[in-house]
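Kindly produce the complete structure, drawing on both the sequences and the hints.
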Amino acid sequence: MDKILRVNMTDLTTAVEEVPAEWAGLGGRALTSTIVAKEVPPTCHALGPNNKLVFAPGLLSGTAASNSGRLSAGAKSPLTGGIKESNVGGTAAQMFARLGIKALIVEGMPKGEGWYALKVGKDGVTIEEERGLLGLGNFAVIDALQALLGKKTGVIAIGPAGEMKLTSANISVKDPSGKIRSHGRGGLGAVMGSKRIKFIAIDDEGAPGIQLADPEAFKRASRVFTKALMDHPVSGQGLPTYGTNVLVNILHEAGGLPTRNFTHGQFDGHEQICGETMHDTIVARGGKPRHGCHAGCVIQCSQVYHDKEGQYLTSGFEYETIWGLGANCLIAELDDIALADNLMDDLGIDSIETAVAFGVAMEAGLLPWGDGKEVVRILREEIGKGTALGRVIGSGAGAVGRTYGVTRVPVVKNQAIPAYDPRSVKGIGITYCTSPMGADHTAGYTIATNILNVGGQVDPLKKEGQVELSRNLQIATAAIDSTGMCIFIAFPALDIPECLPALIAMINARFGAKLTGEDVTGLGKTVLKLERAFNLAAGLTSADDRLPEFFSSDPVTPHQAVWDFTNEEIDAFWDF
Amino acid sequence: MAPITVTIKLFAHFRHGRFKEADHQFPPGVACREVILGLGFRLGEMGIVMVNGQHAPLDHPLSERDTLALFPLVGGG
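Chains A and B, in that order, are what the protein sequence lines are. With the numbering used here, the residue at position 124 of the first sequence is 124, and numbering never jumps. When you read off a place in the second sequence, starting at 1, and then add 576, the result is the number in the numbering used here.
Just so you know, these hints were derived from the structure itself, not from any lab. Incorrect hints may have been included.
A few chain B residues facing chain A, derived, Cβ under 7 Å [to be verified]: (1) A588; (2) I624; (3) M626; (4) G629; (5) L649; (6) V650; (7) G651; (8) G652; (9) G653.
Positions of the beta carbon are idealized from the N, C-alpha and C atoms, including for glycine.
The structure is reproduced here in structure tokens:
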């Protein structure tokens, strides 16, 4: 029987609870957001005792379904002040699912100065005091836990940034190679730090495993689903070969590659940092151009990037990070960006928020444009050591802008805008404005249809069709985020008719349910609306569903595009 | 009529055995389709076709100093 694990950090007690009937059909984002909305007072301080940190594997996590190993984490975000869900690959989701853990809820806050660790296993969860690993980076934590508890142990941890409760702190999850994937956005690492939990170790020895209601139907649907993923050119060939970083040249060409803290739409150094160059560099140095972030991933968009000596430098080296330090900070040197990526993983800070914060810091004159070596030094010596400057940059782009009087601060709901300029790719601007998560490209990835010609075509420079496009994608994404599926299954799902029905058939075969496509869309709508309701109750308003002023006043090259939606047009997003 | 010069940019695996960027000459008003076929591509291989940074249909006529960018179907996020 599936169960809920509850940990109370105020009195240091734990409990195993039955799954309430109304949560039985939920997983991933639907479940974390439902629990946060039900149990967290919206106006509470995100780093206080009334916030809760919730982990939930997706509906299909732990099964043989391809790409189903995503873990959702949810809480009130200390960065945005609204609800947050952030999902991640790695090994933890599948371990939780096999252990029958529907969700792990961490509540309360210890009174003293002590730190703790949680141990999750077949008999539930225990709390232990933790001393030895405090202050260490994520890589050292994972290595130490693997040495102590065995190679197979699952790890969910925070680095020094989470211990310092910096609002760009992320939560790191061990991947199949013993490296790191991140619940990146929204400062969830600070919430874990506020509960004084350094790590969660998972042992799935003796786990009951997944019981499928209809194994044969599951197998049939799973085969169709995997075939769709392999057949689509984006998920089957493009992503495995070049990774997400193939986008540098595409967005440069389309004039949507934010450059020099969102001043321009194109970057002269794009060829030095692009996916094509990265692929050739990885191959020449003996790295791995293909790598899965979780077992069962057939897309394998991740990679292992080596330095000039052929030694490991980083992995999970994504377009958004490379854009953020590359084009946005004018660092045209992939090795510098890779080293910074590795340091950000080790410190446990969001590589999007931090890269954009560096862009604002450069605009403020705190360091020269394009100075990758100084970025590395600040990561190590300032953020890593918790100096005042380090804490400001580690608190995100908004914090840097407010501290240094910068007006060009690309954030929505205080969360940094990622790698697509909303003036020249207008659909994604609607997603940035309206997503309850704050600026988040994954919440409704209109780049697919605006730029990549997946799921039809909507002209990125015109306003027509963008609100509807973003709405449809955000509804679909909220549903996909609840299944445990990687969002990249959306590429085949948008183009191959058999893909989505196969996904629904797998859910039905897993649970003995009779869901239709309409039910799944309905779930997406419900999730978005309850997240929005939480935000409104927390004090956010439609005035928070807006882009910063400079996007309307400053045209971006080469198309001289400006953000030209009226408030009414943006607010029409919620008419569903 | 004098030929026009068009800058052609290729991306991802389209570069293999070809080039990254090159100027080619064509008759005025040549359609993207003819340029693509002339480079030895099949039309079905095309993911994104952009002229001067904007998506263009295959029958779009090219002018002097246009930039034609060709991408296979790729993506990320």
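Verification of the supplied hints:
no.: 1; hint: A588; in the structure: holds (6 Å)
no.: 2; hint: I624; in the structure: holds (6 Å)
no.: 3; hint: M626; in the structure: holds (6 Å)
no.: 4; hint: G629; in the structure: holds (5 Å)
no.: 5; hint: L649; in the structure: holds (4 Å)
no.: 6; hint: V650; in the structure: holds (3 Å)
no.: 7; hint: G651; in the structure: holds (4 Å)
no.: 8; hint: G652; in the structure: holds (3 Å)
no.: 9; hint: G653; in the structure: holds (5 Å)
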